[in-house]
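If you read the protein sequences in the order shown, they are chains A and B. Take 1 as the starting number for the first sequence in full-length UniProt numbering and just add one per residue. Take 1 as the starting number for the second sequence in full-length UniProt numbering and just add one per residue.
No lab work stands behind these hints, which were simulated from the structure alone. Ideal placement from N, C-alpha and C gives every residue a C-beta, glycine not left out. Check each hint, because a few of them may be wrong.
Said to hold, decoys possible - Below, a list of computed lysine to aspartate or glutamate pairs in the EDC-like style, where the Cα atoms sit at most 20 Å apart:
no., chain 1, residue 1, chain 2, residue 2
1, A, Lys115, B, Glu32
2, A, Lys115, B, Asp41
3, B, Lys64, B, Asp120
4, A, Lys115, B, Asp30
5, A, Lys37, A, Glu47
6, A, Lys54, A, Glu33
Unchecked claim - Computed spacing ranges between beta-carbons, pair by pair:
no., chain 1, residue 1, chain 2, residue 2, range
7, A, Ala106, B, Gly127, 50 to 58 Å
8, B, Leu65, A, Ala112, 23 to 31 Å
9, A, Ala26, B, Leu13, 31 to 39 Å
10, B, Leu13, A, Ala48, 57 to 65 Å
11, A, Ala106, B, Ala40, 32 to 40 Å
12, B, Arg90, A, Trp102, 32 to 40 Å
13, B, Leu104, A, Phe116, 27 to 35 Å
14, B, Leu19, A, Asp16, 44 to 52 Å
15, B, Leu71, A, Ala106, 30 to 38 Å
16, B, Ala145, A, Ala106, 22 to 30 Å
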Amino acid sequence: MGDALPVQLPAPASPDPVQLAAIAMAAQRIVAEEMGKTAGPFVTRSEAEAIARKVVIAAFHEFDVDLDRPESVRAFNATLQHAERSRTWWDRAANTIWSGIWTAIAAGMVAAFVKFAGVSK
Amino acid sequence: MTPALWLLRAGVLAALAALVWQLALWCGPDLELRLAPVLADQAITDVLRDEETREACFVWRFSKLRAARTLDANWTLRAEGRIYPYQAVRQDLDSLGDRSPGALIDRPPGPGQWTRKCIDTPPALVGRPFVITGFVEYATAATGAWWSLRQPTASARVP
Chain A
1 MGDALPVQLP
11 APASPDPVQL
21 AAIAMAAQRI
31 VAEEMGKTAG
41 PFVTRSEAEA
51 IARKVVIAAF
61 HEFDVDLDRP
71 ESVRAFNATL
81 QHAERSRTWW
91 DRAANTIWSG
101 IWTAIAAGMV
111 AAFVKFAGVS
121 K
Chain B
1 MTPALWLLRA
11 GVLAALAALV
21 WQLALWCGPD
31 LELRLAPVLA
41 DQAITDVLRD
51 EETREACFVW
61 RFSKLRAART
71 LDANWTLRAE
81 GRIYPYQAVR
91 QDLDSLGDRS
101 PGALIDRPPG
111 PGQWTRKCID
121 TPPALVGRPF
131 VITGFVEYAT
141 AATGAWWSLR
151 QPTASARVP
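Can you build the whole structure from these sequences, using the hints too?
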């Protein structure tokens with residue numbers, strides 16, 4: 001009792017492809033194990049739901065999203081919103097460039113018409 | 001809306017403006033020549049061939065509709081699919097009075113102007129029919145700063 005020893009946790013390693021592959025394999029293994037734990041030869045509705053939930057949570061763990069932690073979900077939503085804003089920006093930039101290209105083509109066609117209309121009279 | 005997006009739009013607009021300006025320079029003279037020519041009521045009359053001097057004399061009649069500076073002018077003979085450019089041209093009478101031959105003059109706008117010219121026929125065209133064509137290149141008061149206007153004169157068939 002008393003003083004808790006200060007525990008120095010190692011810094012978490014950044015995810016690398018090998019780890020992500022390991023997580024995916026773990027998800028597959030979880031499915032297989034959970035299927036084996038079912039009571040009967042067939043998976044009941046509640047068992048299937050539990051397996052699906054476990055697998056979904058494990059899969060989201062691959063992206064550092066913990067669906068059981070609300071703050072992690074909020075962070076994930078913030079990331080999605082940022083991506084959406086970013087996509088809107090790129091949409092607008094692309095629209096601007098495409099508008100410019102089509103306007104240039106239209107202007108060139110009008111100019112060619114003005115240049116050559118009535119030449120062969 | 002971020003500054004980068006406004007910058008992109010400004011860049012696209014600037015590029016479009018430059019393109020439209022270049023296209024205007026390209027097709028502007030044609031449009032102006034069709035909508036607002038400098039010369040009108042053109043005709044070549046009183047064509048006379050002199051076999052002795054090998055000259056073909058003609059009167060070019062025209063109205064000048066607006067102010068324009070003359071940059072270039074030339075007459076060309078055409079016969080059987082080939083041209084005979086740069087023949088010597090002698091200035092005869094002119095509605096402006098005396099004028100030095102070969103000089104580019106800036107005529108004032110006005111109707112009913114005329115000039116009589118005599119053009120040398122090359123030996124290949126002696127005794128054969130040909131067509132007289134010509135052009136005048138103008139820098140008009142309105143658009144001369146941007147482009148020049150090359151208007152063909154009337155043409156005449158010389159039998």
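Results for each hint:
1. A:Lys115 to B:Glu32: Within the cut-off at roughly 10 Å; holds.
2. A:Lys115 to B:Asp41: Given pair lysine 115 (chain A), aspartate 41 (chain B) is violated - Cα atoms ~24 Å apart, limit 20 Å.
3. B:Lys64 to B:Asp120: 26 Å, violated
4. A:Lys115 to B:Asp30: At roughly 6 Å apart (the allowed maximum being 20 Å), aspartate 30 (chain B) and lysine 115 (chain A) satisfy the hint.
5. A:Lys37 to A:Glu47: This hinted pair holds, its Cα atoms lying about 9 Å apart.
6. A:Lys54 to A:Glu33: 11 Å, holds
7. A:Ala106 to B:Gly127: 50 to 58 Å: 55 Å, holds
8. B:Leu65 to A:Ala112: 23 to 31 Å: Distance hint for leucine 65 (chain B), alanine 112 (chain A) holds at roughly 28 Å.
9. A:Ala26 to B:Leu13: 31 to 39 Å: 54 Å, violated
10. B:Leu13 to A:Ala48: 57 to 65 Å: At 58 Å between Cβs, range holds.
11. A:Ala106 to B:Ala40: 32 to 40 Å: 33 Å, holds
12. B:Arg90 to A:Trp102: 32 to 40 Å: For arginine 90 (chain B) and tryptophan 102 (chain A) the Cβ distance comes to about 57 Å; the hint is violated.
13. B:Leu104 to A:Phe116: 27 to 35 Å: 30 Å, holds
14. B:Leu19 to A:Asp16: 44 to 52 Å: 49 Å, holds
15. B:Leu71 to A:Ala106: 30 to 38 Å: Between leucine 71 (chain B) and alanine 106 (chain A), where Cβ atoms are some 33 Å apart, the hint holds.
16. B:Ala145 to A:Ala106: 22 to 30 Å: Hint holds: Cβ distance 27 Å, inside 22 to 30 Å.
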